[in-house]
Structure formats: structure tokens, C-alpha cells
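> Chains as they are written, first to last, in our numbering: chain H, 1 to 234; chain W, 1 to 234; chain S, 1 to 217; chain X, 1 to 217.
Any given hint could turn out to be false.
Stated by the list, open to error - Covered stretches of chain H, going by a simulated chain W footprint (3 or more residues, C-beta under 8 Å): (1) 60-70; (2) 139-150.
Unchecked claim - Pair ranges (Cβ atoms, derived): (3) X:Asp211 to W:Asn194: 42 to 48 Å; (4) X:Asp18 to S:Val121: 44 to 50 Å; (5) X:Glu167 to S:Thr118: 28 to 34 Å; (6) X:Ala203 to W:Arg137: 49 to 55 Å; (7) S:Arg5 to W:Ala227: 29 to 35 Å; (8) X:His55 to W:Glu5: 23 to 29 Å; (9) W:Asn194 to S:Glu152: 20 to 26 Å; (10) W:Asp202 to S:Gln158: 30 to 36 Å; (11) X:Tyr35 to S:Ile62: 52 to 58 Å; (12) H:Glu7 to S:Glu167: 48 to 54 Å; (13) S:Gln7 to W:Ser60: 36 to 42 Å; (14) W:Glu129 to X:Glu167: 52 to 58 Å.
No lab work stands behind these hints: they were computed from the structure.
Remember, it's a predicted structure, so these values are computed and weren't measured experimentally.
Positions of the beta carbon are idealized from the N, C-alpha and C atoms, including for glycine.
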Amino acid sequence: MINKEVEDHLEAVADIVDGSTILVGGFGPPGQPVELINALLENGARELVIVNNNAGAGGSAILKLFSAGRVRKVICSYPKAIDSTVFDELYLAGKIELELVPQGNLAERIRAAGAGIGGFYTRTGYGTELAEGKETRLIDGKHYVLEQPIHADFALIKALTADPWGNLVYRKTARNFGPVMATAANVTIAEVTNVVPLGGLDPEIIVTPSIYVDRFIRTRAAAERTAADERAQA
Amino acid sequence: MINKEVEDHLEAVADIVDGSTILVGGFGPPGQPVELINALLENGARELVIVNNNAGAGGSAILKLFSAGRVRKVICSYPKAIDSTVFDELYLAGKIELELVPQGNLAERIRAAGAGIGGFYTRTGYGTELAEGKETRLIDGKHYVLEQPIHADFALIKALTADPWGNLVYRKTARNFGPVMATAANVTIAEVTNVVPLGGLDPEIIVTPSIYVDRFIRTRAAAERTAADERAQA
Amino acid sequence: MRLTRQQIAARVADDIPDGAYVNLGIGVPTLVADYLPDDRQIVLHTENGMLGMGHAAAPDEIDDDLINAGKIYVTEELGAAYFHHADSFAMMRGGHIDYCVMGGYQVSVAGDLANWRTNSVTSIPGVGGAMDLAAGAKHVYVLMDLFTKAGECKLVQQCTYPLTGAECVERVYSDVGVFELADGEVRVLDLFDDELGIEGLAAIVGSPLVDARLAVS
Amino acid sequence: MRLTRQQIAARVADDIPDGAYVNLGIGVPTLVADYLPDDRQIVLHTENGMLGMGHAAAPDEIDDDLINAGKIYVTEELGAAYFHHADSFAMMRGGHIDYCVMGGYQVSVAGDLANWRTNSVTSIPGVGGAMDLAAGAKHVYVLMDLFTKAGECKLVQQCTYPLTGAECVERVYSDVGVFELADGEVRVLDLFDDELGIEGLAAIVGSPLVDARLAVS
């Protein structure tokens with residue numbers, strides 16, 4: 001029967017290869033899949049294209065990907081970190097490519113990829129340098145810019161709880177990009193704090209339906225807690 | 001402080017005037033705002049444009065709108081009713097205009113209106129008569145059709161529970177079009193079965209955030225239940 | 001011997017792998033649900049906002065808020081999830097449904113599908129989610145009788161009824177045989193009407209049919 | 001007397017009506033939250049997926065999963081709701097946020113806003129949600145000091161910094177005065193620096209200023 005949990009973290013990211021485009025969840029540290037990023041570091045894939053709203057400001061795990069020179073290009077809305085210059089140095093040295101995207105366009109372009117939308121018109125960015133070279137259109141007297149979907153090979157996201165099918169719920173503002181990113185990748189891998197049996201999540205409150213989740217790991221802390229529970233019961 | 005509940009059903013729809021475009025929730029009977037539709041009947045507005053997936057098959061309340069001759073045009077995906085010929089007769093007599101839309105285009109066009117999208121490209125309908133006369137575009141070797149947002153003056157929706165701010169949750173497949181329709185109208189009016197105090201809905205499970213709800217009524221059955229509770233406590 | 005609808009449905013069910021996410025449309029294709037093997041977990045999607053749909057509701061299981069795309073009362077499986085219409089169709093249009101099974105008025109040898117209206121001017125047109133499934137599902141299977149009551153073959157050179165989608169059908173499951181449409185070919189994966197034979201059917205369709213029965217046996 | 005930032009924030013807060021849905025961006029504009037009148041219920045939106053945001057978290061209130069757009073730990077009000085990023089920005093872009101208050105590098109007399117990057121080639125550009133708010137909020141208010149530290153006026157004929165949005169700013173709340181930009185005019189709703197005066201300021205901006213102080217008193 002369907003059980004998408006993978007116990008080995010490295011196995012969970014084993015198919016990520018050089019040149020992959022990866023959606024990485026998180027807005028700042030909340031929602032960042034720290035253990036999956038660490039596994040990706042260990043995996044060794046290079047020349048990655050990383051889509052993450054905050055890039056260099058996304059927290060220490062993702063910063064390690066940058067400082068290890070594993071990222072060729074970043075697509076994000078706000079790469080500036082207050083407490084780190086890793087991204088800044090790579091960028092100013094021309095060692096990393098940056099596609100800067102208004103945050104709403106980032107979210108909507110990812111959603112478009114997941115929803116089969118080939119492109120959409122938005123008012124955001126019209127008349128600014130972030131819309132330069134893009135097609136525009138006058139609709140009902142207002143100017144719009146044509147934006148493209150962002151498809152990815154993989155999505156790495158963080159959720160609070162999964163059931164064996166991979167239905168997911170999130171916690172507070174750690175929800176952020178996870179649910180949309182899960183829809184837009186060929187392979188979506190989640191990192192979760194809790195795993196409950198099938199039926200353990202109320203069908204009304206599921207945020208990411210299982211169809212979008214290919215596999216998930218539980219955090220080491222969660223795995224240790226489960227092991228301790230099992231010992232206590234034995 | 002914010003309390004969007006309106007006790008009088010007729011007052012809740014008082015600003016709906018002749019010629020209004022109205023999104024009406026429901027896929028079949030579940031999710032159909034029966035008491036709001038009845039209030040709209042009583043209100044008397046004519047020449048309405050009704051956007052509802054099932055039109056004539058949407059249940060008895062909405063059928064009454066049609067048979068009362070109050071609807072000028074219907075935008076829907078599936079108007080055929082099994083148990084009624086009201087719509088069929090009006091349509092075949094040329095007394096009602098029909099814009100037939102693939103169901104996914106209907107949902108996505110309503111979402112686009114709510115999300116500030118000026119238009120989007122979809123593969124649905126390409127090469128069919130429902131895309132005739134519409135702009136098309138070849139994107140990555142596949143054909144897409146340009147679809148427009150559907151904005152409305154009003155949305156009438158049905159939810160399970162509201163808090164005073166108008167945060168809403170739904171029940172099972174009665175959720176259907178309610179959450180998207182709530183985003184796409186100038187004025188969104190909900191009909192709910194239960195009302196709970198502020199804080200009575202877990203912030204993680206709210207489906208329609210209060211920003212999308214202008215006012216709501218509780219069903220007469222719910223109102224009677226509340227009155228009975230109050231008498232019992234007195 | 002030609003198959004009954006139940007037998008065709010069973011054959012489709014047999015071809016759907018464990019763990020698949022499947023939409024069974026409305027009407028006859030929903031019969032497939034009755035034949036899904038017990039040793040596989042298949043997750044059913046219904047366009048009106050649910051994954052993990054269960055069997056049709058028995059009289060004592062009816063819940064007024066729980067229907068399927070055909071407006072039949074259904075039940076909920078463990079692992080189910082509800083979502084709104086835009087999310088449900090994003091799922092269908094974004095290529096996330098593994099298999100959809102629909103009925104058909106006509107399927108062309110190129111895989112065009114006509115299943116939403118005839119050419120009758122007095123009938124009320126209705127399309128529902130058919131065009132979204134045709135454009136969006138990973139594998140579009142059509143379940144239909146191969147001939148109309150008037151004896152006309154529904155596998156055609158060119159659809160004469162209005163299209164639901166162009167070049168979208170991957171397989172036709174019918175009472176007469178199972179056909180795969182790919183690379184401009186019609187491959188016969190199975191043939192149940194031995195009397196008709198591949199040559200006889202090819203003459204009716206007006207198109208060569210490739211015998212692919214060995215390849216899948 | 002010019003206003004302090006706290007005083008400007010209080011003035012903005014005073015102009016926001018009961019029941020409004022408001023986004024306060026990041027940085028200085030978030031000060032507005034501290035001055036919202038007790039007798040009004042204002043619902044704060046933060047772009048990272050929340051309506052009903054509360055005050056900044058005290059040390060014992062910190063929750064690792066609850067931050068605002070500026071990545072400051074915050075709290076949750078009764079009536080709050082969480083949603084994902086595409087839903088959050090649909091809310092901003094779809095015209096549902098009643099008021100947004102942002103900082104500004106420059107605002108032009110036509111309402112153009114520049115607040116996301118200077119012309120420095122060595123700075124790392126970052127835009128966040130500013131362009132979405134500029135394009136999508138019903139009322140875009142800018143809260144800023146009217147002059148740079150170098151003494152240059154930030155209300156300009158034409159922005160020299162890259163734009164965040166064109167013709168989007170409705171009001172500028174500054175230490176020197178409150179300005180409404182509409183129909184190609186700059187209307188002075190309030191002036192705090194009497195020494196400078198409307199004429200003096202008009203000379204600096206290089207544009208006529210309409211005295212609209214009586215109209216709003």
C-alpha cells in the first residue's frame with residue numbers, strides 16, 4: 001500500500017543531479033527544509049538552479065549550498081542577507097547568476113507551472129526594470145506584463161505533519177511557499193516533523209493533498225522521538 | 001468592532017440591482033446558498049448575469065430564478081438538468097443567453113479575477129468550438145488559448161461556519177466554488193450554518209480569510225437553533 | 001465474444017497500477033471503481049474537490065454535502081482531502097492526475113476526442129470538466145462501445161462531432177478491443193471479437209491497424 | 001516643527017478607518033501598528049501568509065514559525081488566518097488590501113514610487129513584495145522623511161531611482177507634511193514645517209503644490 005516515507009535522508013535526494021532546478025521552501029528560516037538541504041549538500045550535485053525567496057537570507061542551511069559553490073543561478077525576490085555576505089560576494093564576483101523576481105510573480109509563476117498555465121498577465125512590475133524586455137499588454141485601460149511559469153525538477157519543502165500517502169499540513173508562517181512549490185516540480189520531497197497514520201489528518205484541513213508529494217522524510221529529532229516511543233512501548 | 005453578520009436576509013442582498021453579475025456558489029446542490037438565492041428572488045432584481053457551474057441543474061432555488069425570468073445570461077459549464085426543463089425551454093426559445101465554459105476555465109477565470117490576473121494561457125479547449133475566436137499561442141511546442149478573468153458585482157456563497165470577521169470554513173464537497181468566488185466579486189455575501197465567536201476557528205484551517213467576506217447571514221435553521229439556545233439559558 | 005461494459009471496466013481497472021491517482025469522469029467510466037484490485041491502492045479524484053473518494057453511498061451512508069462529479073452521493077476513504085474548485089482543476093490541468101477514464105462519442109485515429117456534444121441543434125450543450133481532463137491528465141483513456149446503436153464505428157478517421165480535445169486519447173477500451181493511439185498508429189492491444197478480426201475492423205475504421213497483441217501478452 | 005517618525009506613524013494610523021485590512025511592509029512603516037487607535041479594529045496582513053498579525057513578540061512569546069515580512073517574530077490576533085504564498089500575493093495583487101504603507105526613496109508628483117534599489121552598482125538588488133503592493137493595494141501610502149540626509153527632496157518631478165511602480169502612490173506621509181497625489185496635482189493635506197511653507201516647498205519640489213489643508217480640517 002502507499003507509503004511515501006523514505007528513512008534515509010541521502011536516499012531521499014539521490015536522484016538530484018548536476019544542473020537540476022530546485023524549488024526550496026521557506027520565507028526566511030520558517031518553512032526551510034534544513035535536513036533535506038543538508039542531504040543535498042552531502043549528495044554533491046553541482047550547477048544547481050535554486051528557486052528560494054530569500055536565497056542568501058534564507059538561513060544557514062541554504063547558505064552552505066552557496067558557500068560550497070554548488071549553485072549556478074538563483075531565482076528569488078530578496079537575496080540580501082543581514083548577517084551574511086556569502087551571496088553578496090559570489091554575486092559581485094560574477095560567480096552566481098541572479099534572476100530577481102517580484103515576490104508575487106515568484107509565487108504566481110510557480111503556481112502557474114503547477115496549474116498548467118502557460119503564462120499570465122500581471123500588473124506587478126509594469127514600467128520597472130524587472131519587466132524590461134517582457135511582453136506587455138493593455139487590458140481594460142491598465143498595463144500588464146506577461147509572465148512565464150517556473151517549472152522545476154525538484155521541490156524540497158518543509159511541513160509539520162504527513163500521513164503515509166503524503167498529505168501535508170503546515171504550521172503558521174512556515175507554510176509560505178511549500179504548498180505552491182509542491183505542485184510545480186517533477187519530484188516533490190517533503191521534510192516533516194510528525195508522521196501520523198492514514199486517517200490521522202482531518203480531510204478538511206489538509207493543505208497539500210498527497211498527489212503532490214512523491215516522498216518524505218521525517219526530521220532526525222522526530223525519528224529519535226519515534227524510536228524512543230517504540231522503546232518505551234516494548 | 002468588526003461583525004459582518006446581517007440578520008435580515010433581504011437586507012443582505014439589498015444592494016443587488018438590475019443587471020448585476022452574480023457568482024453563485026455550488027456544484028449541484030452542495031454549496032448552494034439557498035436562502036440568499038431566495039432573498040434575491042424576493043429582492044426582485046432582473047436582467048441578472050448568473051455565473052454558476054450547473055445553472056439549471058444547480059438545485060431548486062436557482063431554478064426559481066430562471067423560471068421567474070430574472071436571468072438574462074448564464075455563464076456555466078454544465079446547464080443541463082436531469083429533473084427540470086426550465087433552463088432548456090428558456091434557452092431553446094432564445095430567452096436566455098448562454099456562455100458555455102469548460103469547468104476548469106470557469107474556476108481559473110474566477111480565480112484570475114480575484115488574484116489580479118489580466119488573462120492567462122491554458123491548454124484546455126484548444127482546437128474546440130469553445131475556443132473559437134479566442135487568441136491562441138504556441139508555448140514550448142504546445143497550443144494554448146488566452147482566457148479572461150470573470151469579475152462580478154456580487155458573490156453569493158454557502159459555508160459551514162463563520163466567525164464575526166467573516167472567516168469561513170466549508171464542509172466536504174460543498175466547498176467547491178465558494179472560496180474562489182469569494183475573491184472575485186466587489187461584494188461577497190455568505191450564508192452559513194454556524195457562527196462562532198472570534199477565535200472559535202483555528203487560524204490554520206480557515207479556507208476563506210475574512211478579507212474576502214463583506215457580510216454574512218446565518219440560515220434560518222441556525223438562527224432558530226441559536227434562539228432556542230438563548231431561551232434555554234435564560 | 002464482445003465484452004460487457006462491466007468487463008471493459010474490469011479490463012481498465014486491471015491496467016491501472018498501484019498508487020495511481022485516477023479520475024473516472026461521470027457515467028459508465030465510474031464502473032471502473034468497482035473493479036479496482038484489492039491489492040492495489042488507487043486514489044480517486046473527483047473534480048468537485050476531493051481526492052480519496054470512496055464507493056457510492058449506501059442509503060444509510062448518504063451525506064448531503066458529499067457527491068461526485070456525476071452528482072451521485074459517495075463516501076470518503078481514509079487519506080482523503082478536500083479542496084476548492086480552482087485547486088481541483090489546477091490538479092487536473094497541471095498534469096497531476098495519472099489516469100483519467102472518460103466516455104466517448106468518437107475517437108479519431110490521431111487521438112482526437114469528441115464526447116461533449118453531438119451536432120443536434122436542439123440539445124443543450126454542456127461540457128463540464130471533460131476538456132480539462134482531455135488537456136491535462138497524464139494518460140487519457142476512453143471507455144466506450146465501439147459501435148453506436150445504429151452500427152456506426154466510433155473509432156474514426158476524423159471526428160464529425162465537435163472536439164473535446166485534439167490528439168489527447170492514449171487508449172480506447174471497448175467491447176470489441178483495446179486500442180492504443182500513438183505516433184499516428186492505431187495499435188490493437190487486445191481484440192475480443194474474433195469474428196470481426198483485425199482486418200475486418202481496419203476496413204470499417206478505414207485505417208490500418210497494427211497488431212500489437214503479442215507485445216503486451 | 002517637523003514630525004518624528006513616531007509622530008508620522010501615529011498620523012498614518014489616525015487616517016486608517018475601522019475594519020480596514022492593512023499591510024505595513026517592512027521597516028519604519030511597521031511603526032504604524034503601535035499607534036492604531038484602540039477603538040478601531042484594523043486587520044494586519046503580512047505577505048508571508050497571515051491576516052490578523054499581532055504585535056512584535058516579546059522574548060517569552062517567540063514562536064520560531066511565526067515571523068512577519070521583515071523576519072521579525074510576531075504574534076497572532078484572535079481572528080487570524082494563515083495561507084500560502086500564492087494565496088497571500090493573490091490577496092495583495094487582486095486589490096483586496098485596503099491600505100498599504102511602504103517606505104520610499106523617491107515619490108514623483110505623478111505618484112511613481114522608487115523604493116527598492118538605488119543606482120549603486122555594488123549593492124545587491126532585492127525587491128520582495130514591494131512591486132506587488134504598489135500594483136495591487138487599494139490605497140498606497142508612503143511613509144518617509146521628506147529629505148535625504150544629504151538634504152535632497154524625495155518628492156520629485158521624476159524619479160531618478162529605478163521604479164517600484166508607476167502612478168501608484170496616493171499619499172505621502174512625511175516629517176514635513178502630508179501630501180495627496182491625484183489628477184496630476186500635489187495637494188498639501190497638512191504641513192508641519194511652517195518655516196518652510198508651501199511656497200518654499202513648492203520651489204524645492206519644482207512643482208506647484210495645492211493647499212488642501214482647509215478641505216480636510
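> Take the hints in turn and mark each one as holding or not.
Outcome of the hint check:
{"no.": "1", "hint": "60-70", "result": "violated (count 0)"}
{"no.": "2", "hint": "139-150", "result": "holds (count 4)"}
{"no.": "3", "hint": "X:Asp211 to W:Asn194: 42 to 48 Å", "result": "violated, 54 Å"}
{"no.": "4", "hint": "X:Asp18 to S:Val121: 44 to 50 Å", "result": "violated, 57 Å"}
{"no.": "5", "hint": "X:Glu167 to S:Thr118: 28 to 34 Å", "result": "violated, 52 Å"}
{"no.": "6", "hint": "X:Ala203 to W:Arg137: 49 to 55 Å", "result": "holds, 52 Å"}
{"no.": "7", "hint": "S:Arg5 to W:Ala227: 29 to 35 Å", "result": "violated, 53 Å"}
{"no.": "8", "hint": "X:His55 to W:Glu5: 23 to 29 Å", "result": "holds, 27 Å"}
{"no.": "9", "hint": "W:Asn194 to S:Glu152: 20 to 26 Å", "result": "violated, 55 Å"}
{"no.": "10", "hint": "W:Asp202 to S:Gln158: 30 to 36 Å", "result": "violated, 56 Å"}
{"no.": "11", "hint": "X:Tyr35 to S:Ile62: 52 to 58 Å", "result": "holds, 55 Å"}
{"no.": "12", "hint": "H:Glu7 to S:Glu167: 48 to 54 Å", "result": "violated, 42 Å"}
{"no.": "13", "hint": "S:Gln7 to W:Ser60: 36 to 42 Å", "result": "holds, 39 Å"}
{"no.": "14", "hint": "W:Glu129 to X:Glu167: 52 to 58 Å", "result": "violated, 41 Å"}
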